[in-house]
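Visitor: Residue-level listing of the chains:
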Amino acid sequence: MTQAVTQREEHFEELREIAAEVLEIEPEEITDTSLFAEDHEADSLRAIEILARIEKKYKVDIPQSELPKMVNLTAVYEIVKQHANWQD
Amino acid sequence: MNRRVVITGLGPVSSIGIGAREFSAALRAGRSGISPIASFDAAGFPHYMAGEVPAFDPKSILQRISPDAWGRTSQFAASAARLAVEDSGIDPTELSAARAGSSIGTTGGESQVLERLTGDSLTVGFAGVDRELARQVPASRLAVAVNRELGLTGEAITLSTACSASNYALGYAYDQIHTGDLDYMIAGGADSVGRWSHAGFYRLGALAEKACAPFDRDRSGIITGEGGAALFLESLESATARGARVYAEVLGYGLNCDANHMVAPDPVSIAQCMRLAHRNAGIKADEVDYICAHGTGTPANDAVEAKAAVEVFGERPPPISSIKSMLGHTMGAASGFSAIASVLGIAESFIPPTINFRNPDPQIPDIDPVPNVAREMTVNIAQVNGFAFGGNNAITIFGRYS
Amino acid sequence: MSTGAIAITGWGVLSSAGIGADEFARAVTAGRGSAADVSEMFEEPVPRQDAFALVDFKVRDYLGRKGTSFLDRSTSLAMVACGQALADTDLVVDDSNNERVGIALGTTAGSVKSTSDYSRDTFVQERPYLVNPLVFPNAVMNCAAGQSAIRYRLRGVNTTVAGGALAALSALRYARNLIGCGYADALLVGTTEEFSPQVAWATHFAMEAGGGDLAAGEGAAVFVVEDADAVREAGRRPDAEVLAIEVGLHVPADEATAGPETDFSESLAGCVVRALSRAGVEPGEVWAVASAENGMPLTDGFEDRAIRAVLGDGPVRLRVKEFTGESHSASGAFQVAALLARHRADPTLDGRVSVVTTRTSDGAIGAAVLRGWSRGVE
Numbered sequence: 001m002t003q004a005v006t007q008r009e010e011h012f013e014e015l016r017e018i019a020a021e022v023l024e025i026e027p028e029e030i031t032d033t034s035l036f037a038e039d040h041e042a043d044s045l046r047a048i049e050i051l052a053r054i055e056k057k058y059k060v061d062i063p064q065s066e067l068p069k070m071v072n073l074t075a076v077y078e079i080v081k082q083h084a085n086w087q088d
Numbered sequence: 089m090n091r092r093v094v095i096t097g098l099g100p101v102s103s104i105g106i107g108a109r110e111f112s113a114a115l116r117a118g119r120s121g122i123s124p125i126a127s128f129d130a131a132g133f134p135h136y137m138a139g140e141v142p143a144f145d146p147k148s149i150l151q152r153i154s155p156d157a158w159g160r161t162s163q164f165a166a167s168a169a170r171l172a173v174e175d176s177g178i179d180p181t182e183l184s185a186a187r188a189g190s191s192i193g194t195t196g197g198e199s200q201v202l203e204r205l206t207g208d209s210l211t212v213g214f215a216g217v218d219r220e221l222a223r224q225v226p227a228s229r230l231a232v233a234v235n236r237e238l239g240l241t242g243e244a245i246t247l248s249t250a251c252s253a254s255n256y257a258l259g260y261a262y263d264q265i266h267t268g269d270l271d272y273m274i275a276g277g278a279d280s281v282g283r284w285s286h287a288g289f290y291r292l293g294a295l296a297e298k299a300c301a302p303f304d305r306d307r308s309g310i311i312t313g314e315g316g317a318a319l320f321l322e323s324l325e326s327a328t329a330r331g332a333r334v335y336a337e338v339l340g341y342g343l344n345c346d347a348n349h350m351v352a353p354d355p356v357s358i359a360q361c362m363r364l365a366h367r368n369a370g371i372k373a374d375e376v377d378y379i380c381a382h383g384t385g386t387p388a389n390d391a392v393e394a395k396a397a398v399e400v401f402g403e404r405p406p407p408i409s410s411i412k413s414m415l416g417h418t419m420g421a422a423s424g425f426s427a428i429a430s431v432l433g434i435a436e437s438f439i440p441p442t443i444n445f446r447n448p449d450p451q452i453p454d455i456d457p458v459p460n461v462a463r464e465m466t467v468n469i470a471q472v473n474g475f476a477f478g479g480n481n482a483i484t485i486f487g488r489y490s
Numbered sequence: 491m492s493t494g495a496i497a498i499t500g501w502g503v504l505s506s507a508g509i510g511a512d513e514f515a516r517a518v519t520a521g522r523g524s525a526a527d528v529s530e531m532f533e534e535p536v537p538r539q540d541a542f543a544l545v546d547f548k549v550r551d552y553l554g555r556k557g558t559s560f561l562d563r564s565t566s567l568a569m570v571a572c573g574q575a576l577a578d579t580d581l582v583v584d585d586s587n588n589e590r591v592g593i594a595l596g597t598t599a600g601s602v603k604s605t606s607d608y609s610r611d612t613f614v615q616e617r618p619y620l621v622n623p624l625v626f627p628n629a630v631m632n633c634a635a636g637q638s639a640i641r642y643r644l645r646g647v648n649t650t651v652a653g654g655a656l657a658a659l660s661a662l663r664y665a666r667n668l669i670g671c672g673y674a675d676a677l678l679v680g681t682t683e684e685f686s687p688q689v690a691w692a693t694h695f696a697m698e699a700g701g702g703d704l705a706a707g708e709g710a711a712v713f714v715v716e717d718a719d720a721v722r723e724a725g726r727r728p729d730a731e732v733l734a735i736e737v738g739l740h741v742p743a744d745e746a747t748a749g750p751e752t753d754f755s756e757s758l759a760g761c762v763v764r765a766l767s768r769a770g771v772e773p774g775e776v777w778a779v780a781s782a783e784n785g786m787p788l789t790d791g792f793e794d795r796a797i798r799a800v801l802g803d804g805p806v807r808l809r810v811k812e813f814t815g816e817s818h819s820a821s822g823a824f825q826v827a828a829l830l831a832r833h834r835a836d837p838t839l840d841g842r843v844s845v846v847t848t849r850t851s852d853g854a855i856g857a858a859v860l861r862g863w864s865r866g867v868e
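Residue numbers (our numbering), protein chains in the order written: chain P, 1 to 88; chain W, 89 to 490; chain S, 491 to 868.
Source of the hints: derived by calculation from the structure; they are not laboratory data.
By construction, the Cβ of each residue, glycine as well, lies at the ideal position given by its N, Cα and C atoms.
It cannot be assumed that every hint is accurate.
[Claimed, not checked] Selected chain P positions facing chain W (Cβ under 8 Å, derived; list incomplete):
#1 43
#2 48
#3 60
#4 64
Model the full structure from these sequences, guided by the hints.
Guide: Here's what the structure looks like:
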């Protein structure tokens, strides 16, 4: 259990890093539920780039049709988890 | 000086026809110029269709410059210019002795030359690339190629304002003749397809798989295209004096900038650009008979363009069709081809269709996209929309000369 | 006619010789400026270890982190220069007039590195479409003008002129036309060029072919341009009035044998004559010529011959590239900036007339006539 929680947190932190870099803000500014578009001025290009970096990092294919759902960090995590078969 | 400016020659080098006659027939027939990509290895690209011009043979058109010394986009520009001049019937010797120049729009310039150099550099390094090819990279060479092909000593300006660039070029050419700075201008645009732009649009999710279906409910994006579009402009006095056939008159143009987002178009700013164009052309919105749309076929562009049209024209905007459905998105040449199509429509009383149209989009119910079949009708005034990355909006207005 | 003169009411510049109008002016007056070690700037090899590059330039130092991490160098330089120019002018730009204020920026081929890197990614990535969407606009030539418009909220005409060495004069001419025809009240006009391995190699090839040895440079210069009559009527004193800009193309007699070494001197001389005539200025009034000479003996010789044929040996010659490098489109704006720089600190030159000349290897030629004034107490 402890293992799983750690893994989950690690993934969250990695995703937070990626989002922060693309959104040009500090990782701390992105909470698990803050909205990329409304709170962090993300546009469609940045959303696509976040997706692209995730695909590259985890060697996973995520269809662009998932983009509209990727509104915040938690949503991103859940989508990646599903496509990458994470057992967090 | 305030001279009236008319168009007396057309030179399309396009995937649906080379020369005014072929191009006009293709527009009327609603022909598609889209085919599987051949000019680069499209392996690995999920979408592999483009509007290339396989029939383009620069050697058969160019008379002065040697195609070997110029990149493909310059060849498009110079060939289109040569055709426009031939179409105008002006004596080429007389033209080269006159105050004449060119303004050519582009998105990528000679980026396919740079792409080849980049590809070569992966094996031989930049140090080992073809030095002659490296000389062909500057985008200024597009207009220079036009001038050198025709022997013109006046200004040769390349306007690289991306996908509305031909309209910028037309506007500037119009001013040069209107004010008396120059007497003859070749205006238009040119671009070539390439891996980098194909990849970029695909990555943006803006590339359709097989067909471009502007204003359709299920439209899914652009098809990249290429070609050269040139129009021959002169003063009305000059055209009348030499008994030239006048296709149409350039009434004016409008330019502005969204200053908001590099990629996402802004309906308020575009509506404003339409009003500017109408005001500068001295017309009222309800005088416009036909709008040749920017109509890229992306969900965002067509929705925004339709919204802006309704904002300016009210609930029943004039017919608005997109020839990108046939040509694909020819980038910097796009509004040049639209201008040629509109000018032909004015001269020959028809408007080109939006092909690949299946289902009306309930989000834009007021739009008449001239679905699939060209329409015979009198066009007294046509409006050509051009929008671009960087929020570079440019709209030209053409009128029947009588 | 759309031939009213235009006025420059403020300017900004980033070059290896100096950043900002005042620093640049001091450097030009002292003839200061040298190439820097660029061996650490890029991973890819460069043909020589020195260039007139802004090695330490980082856009976030000027514009902050937000919105700047994905900008290309060419765009970054232009954006900073636009900001400097707006800070240097007494023209106030706000929501009440920004629809009438635009941008006309010159380039050679945009951010060549961005476009080349984009192509490169399509070759080397696992799949050819695995490119970064955020930098796609950087690969398109109008990026600098578009981003600058967003940054400074300039909603007027926004144009990019691809003219290489001629781009600065073309952009000024373009702006003069817009203002003269009433499409705009003011424009930020200039050029931008980045240093990159691609540019370094292209410059190196050109220098070898032309027998020169000048290193590549980079930078941007941007001028705030307004209608000269309007500025005068408002009782404002501009840095300069651009009295005439004439451009054209030297067409080789025989295209089959034409190379970059075709003698353009007569065409350029004709261009200078037309510019002086349009400006209403006698050759004897000209105190300085800022030329495009770059150390290539043959083409420098043609340019020099054209200048001497019209203006004689009298005027001071400013060979701007000697201390700013071969910066392609940016060099044209540096030539104008160098003249403004000499005026800025020297009231004895107030009202004097100078000339800019340029040429490209493809036969494009241009000349401009300026009348400049100093800053400071009137």
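Visitor: Hint by hint, say whether it matches the structure.
Guide: Right, here's what the structure says about each hint:
1. 43: Interface hint status for residue 43 of chain P: holds (7 Å vs cutoff 8 Å).
2. 48: With a closest approach of 7 Å, the residue 48 of chain P hint holds.
3. 60: With Cβ-Cβ at 17 Å, over 8 Å, it is violated.
4. 64: For residue 64 of chain P, the interface hint holds, since the closest Cβ of chain W sits about 5 Å away, which is under 8 Å.
This entry does not satisfy hint 3, going by the numbered hints stated previously; all others are met.
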